[in-house]
Amino acid sequence: MSSGRCVFLMGVEQALEYRVSFFLSMLSAVFPIIIQTTMWNYLYRHSDAAAVFGYRQGEILLYTLLATIVSQLVGTGFEGEMNSDIKMGGLNKYLIRPMDYKGYRFFRFLGQKVPRVMVIAPVMAVIIGAAFWQGLPVSAGRVLAFLCSLVLALFLNFSIFYCIGLLAFWLTDVDKLFGTISIVLTVVSGGVFPLDIFGGLVEKLVNLLPFGYTTQFPVNIINGRFGWARMGTGFAFQIGWIFVFACLGKVMWRRGIRRYAAVGG
41 MSSGRCVFLM GVEQALEYRV SFFLSMLSAV FPIIIQTTMW NYLYRHSDAA AVFGYRQGEI
101 LLYTLLATIV SQLVGTGFEG EMNSDIKMGG LNKYLIRPMD YKGYRFFRFL GQKVPRVMVI
161 APVMAVIIGA AFWQGLPVSA GRVLAFLCSL VLALFLNFSI FYCIGLLAFW LTDVDKLFGT
221 ISIVLTVVSG GVFPLDIFGG LVEKLVNLLP FGYTTQFPVN IINGRFGWAR MGTGFAFQIG
281 WIFVFACLGK VMWRRGIRRY AAVGG
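Residues are numbered in my numbering as their position in the sequence shown, beginning at 1, plus a constant of 40.
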């Protein structure tokens, strides 16, 4: 059995081992959906316009549902474990294993996503089916493009947070910093509301920076807001940013490992 497969199965087992924590984390996504759905329904009910901030009511409700689900799916959480490995010397055992540390973290990350995908996939299928029934421009091509962008978003978010986790080589205590960064990135990725409602400079920044390509871009594909040309550009940005953070991660690892004091573990 290959090393990658072993680590992947370890990730699956870990996710299933803490079932209560897993289901509580899934349940926690329900409350933001209820709050945002109520807020948007109230806003549209008291507006004479067919679209608010450029979104029709069906589009914004679909966005709210899918953005919360996508955020849950691409979310990480391993950066705290990386901090512990680096500070407590646990990194020692990974330096002598046949698989490099990033590979270990990646396959474990994928394994932990399997139970979440099993729960989320049917819910997502129902939501997309309901959107099609309501007359939104959902097609087989858009669904396929959405799934492809979701896979790239998963790679991209892993790459971003892997680099964030490597900050533990230089910073003394980053646990609270990780929590703050996670909240900020959830907002700037469009996980709470679509940032293009602000238009102008904000929309341009969202299109240039990597964070919107982890949540807002995949959701707006299925939402019908992007033509095929814009989708192609978005895919290019996703792949480009994955490459950038992969290179950044290599540089940070090489420099960080020189500073690492192999104590404990």
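Incorrect hints may appear among the rest.
[Unchecked claim] Below, a list of computed lysine-lysine pairs in the DSSO-like style, where the Cα atoms sit at most 27 Å apart:
no., residue 1, residue 2
1, K142, K244
2, K142, K290
3, K133, K153
4, K153, K216
Please keep in mind that the hints were generated in silico from the structure rather than gathered at the bench.
Here's how the hints hold up against the structure:
At most 27 Å may separate the alpha-carbon atoms for a hinted pair to count; K142 and K244 exceed this at roughly 32 Å. Simply put, K142 and K290 have alpha-carbon atoms about 9 Å apart, close enough for the 27 Å limit, and the pair holds. The suggested pairing of K133 with K153 holds, with an alpha-carbon distance near 24 Å, which does not exceed 27 Å. With a CA separation close to 24 Å, the supplied pair K153 and K216 stays within the 27 Å bound.
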